[in-house]
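*Asks:* The lines below spell out each chain.
Protein chains: 2
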Amino acid sequence: MVKRYLLAPGPTAIPPEVLLKMAEPIIHHRNPIFETVVAEVRDGLKWLFGTKNEVLLFASSGTGAMEGAVTNMLSPGDKAICVRSGKFGERWAEICQAYGIEAINIDVEWGEELDPADVERALKANPDVKAVYTQATETSTGMRFPTREIAAIVRDYPAIMVVDGITGVGVFDLPMDAWGIDILISGSQKALMLPPGLAFAGVSDKAWELNKTSKCPKFYFSWAKELKNLQKNQTNFTPAISLIIGLNASLKILREEGLENVYRRNELLAKATREGAKALGLKVFGKNPSPAVTAICAPEGIDGQDIYKTLWKKYNVTGAGGQGQLKGKAFRIATLGYAEKYDVLTAIAALEFALRDLGYQFVVGKGVAAAMEVLKDM
Amino acid sequence: MVKRYLLAPGPTAIPPEVLLKMAEPIIHHRNPIFETVVAEVRDGLKWLFGTKNEVLLFASSGTGAMEGAVTNMLSPGDKAICVRSGKFGERWAEICQAYGIEAINIDVEWGEELDPADVERALKANPDVKAVYTQATETSTGMRFPTREIAAIVRDYPAIMVVDGITGVGVFDLPMDAWGIDILISGSQKALMLPPGLAFAGVSDKAWELNKTSKCPKFYFSWAKELKNLQKNQTNFTPAISLIIGLNASLKILREEGLENVYRRNELLAKATREGAKALGLKVFGKNPSPAVTAICAPEGIDGQDIYKTLWKKYNVTGAGGQGQLKGKAFRIATLGYAEKYDVLTAIAALEFALRDLGYQFVVGKGVAAAMEVLKDM
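Protein sequences, first through last, are from chains A and B. Residues in the first sequence are numbered from -11 upward in steps of one, following the working numbering. Residues in the second sequence are numbered from -11 upward in steps of one, following the working numbering.
These are computed hints drawn from the structure, not numbers from a lab. Owing to the predicted nature of the structure, the values given are computational and were not obtained by experimental measurement. There's no promise every hint is true.
To be verified - Below, simulated DSBU-like cross-link-like pairs (lysine-lysine); rule was C-alpha separation at most 30 Å, straight line:
1. B:Lys75 with A:Lys75
2. B:Lys317 with A:Lys220
3. B:Lys216 with A:Lys297
4. A:Lys9 with B:Lys216
5. A:Lys75 with B:Lys220
6. A:Lys200 with B:Lys75
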């Protein structure tokens, strides 16, 4: 008998009731039954993204919505600020390059904090910048960025504030309208506890204004057409029907828990993960770790990939290895999505088993005990 | 108790065992278990597309792969021939326009046959044409086009032959290598009996050569990067994991039946649908109806939308209405995918019930009997 535990930063585990909902006989999308589902989903996404505006849905992975946040806003030759501090932050600059946008990169060393004043300096130095591309959290480093503070700066400039919230939305508060986020991107396979294949983009009035002037070519990811269809509870092209039906079920689960409780749960689970690791003498990577995913440094003399692989192969806990610069130096345990206290204890126990196998010296049980201390009132 | 029957041209019904396979706990994509699935899927798609080359997979609906067949092959200012004879044929020209490609349109009246000589004339008149965009079948009209004959012409020119086989692949033979098809597109929600959200593109050596010169911007649909990843049993961005797992199951079902049997089944089911309709005094739309979907003309005095809606609302058979020019004038019954003889009898019986309700005069049972006559040896 093998029971597997998925604690990766996407895909995350899917509640069985959501899996079964998606396993029901498929329905046709051009009919009122599906349109009722879309109407509910529109409502749920507005609630989750904290916006009165529509949140667009795409049959694609999150990168498709990131691409759209460039091609639907800018024109070749435009300037944009890209904050780069990990593999996914770099993607913003890569997309800009592919579409002939001049990227002004703010490079932050992996694991360091971003000073919002750097964004303001870049905006002042380049008053013709049309968009600022940032991240709420960076999956490769497990870092969280000061979205609220950056948005508060950008809102006084003509540029729009774009946030990759793929591992942020549904994990911690990112209220679009209250903070002045103009585009907030997410994907289905993270906090929304679904298979990958759906991407989301909340879009503010300021962003829709900029959209009117955008000349980058686009077709599949044409946001203006998507909006028109969505307002009729439809999509421009054939939608990922089963995922949208699953999304409706996931959103209902989150609504029942309540957003404050969801965010508190995520904060505590990540804190317990960090405390568990620290109690074993390990270092958590980065100055401002995210509640979505925890990057833990491998102790000296042990390869991070060996820890990740032992966890997965021998102890049935699928986390993630280190990515890019962190390959071999760190491994990751994600606690976003369909995770609760016992999942963290499972992960830390598996980590203890793996570290023991790899010859690391520590007191067995200390990590789990430290995690339990954080989780005791949960 | 309500039992519903889905006989629409996409999504098509999904075998329960495939639905349940996709409802299993999700697995992470960056690991050997998933890579084994991708390896099997690569193999199965090559078999289905009749090619030694790779068939690329995208997390998108079919239109995403259509867009990629333009942006990965051409450069702004290039010329392409687009055959337009229905809503989806028109899409080729729309994509070309979005990316600054000069579309030389061959317009064929809806329902009429395309003369391959028209393609040759256009190629001779425009020797700098880089691609010919065609369709194997047109979902909006239920027409089938002479793909083999057009490919035989195009192969002697520098241009590549691109086929939208979204409702063709897995319905009738479209062997890429044998016929000289350079790009063959399909989607998951048709003959492959899956939810929408996966698109496919088989790509020939000639097309990969052209790809090297292409300057259209692209990022999410970047085929060269996708190929590199696929050769390692991976995808460039997070794949639609559950759909790929379902695809593996669907491909196995098709392999077990054998392609010749699959094609024969599809031919017979469509023929039975046509004969059933004709026996009721109805006219089948178009000169060369496709085995994927049958467009049936509404009899005088009855609105095609009323037939479609009565079928769906009262008799639990979901077909499709008329699309574009055919709205109100026709309705459609699709027999591709997870359909067999009893499904056709159900559809024709429901059609008889609906026509009776709408005041049409005919001998009850005559349609079903005619369909049975076609299906008796199946």
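*Asks:* Tell me, which hint numbers fail for this structure?
*Replies:* Failing hints, ascending: 1, 4.
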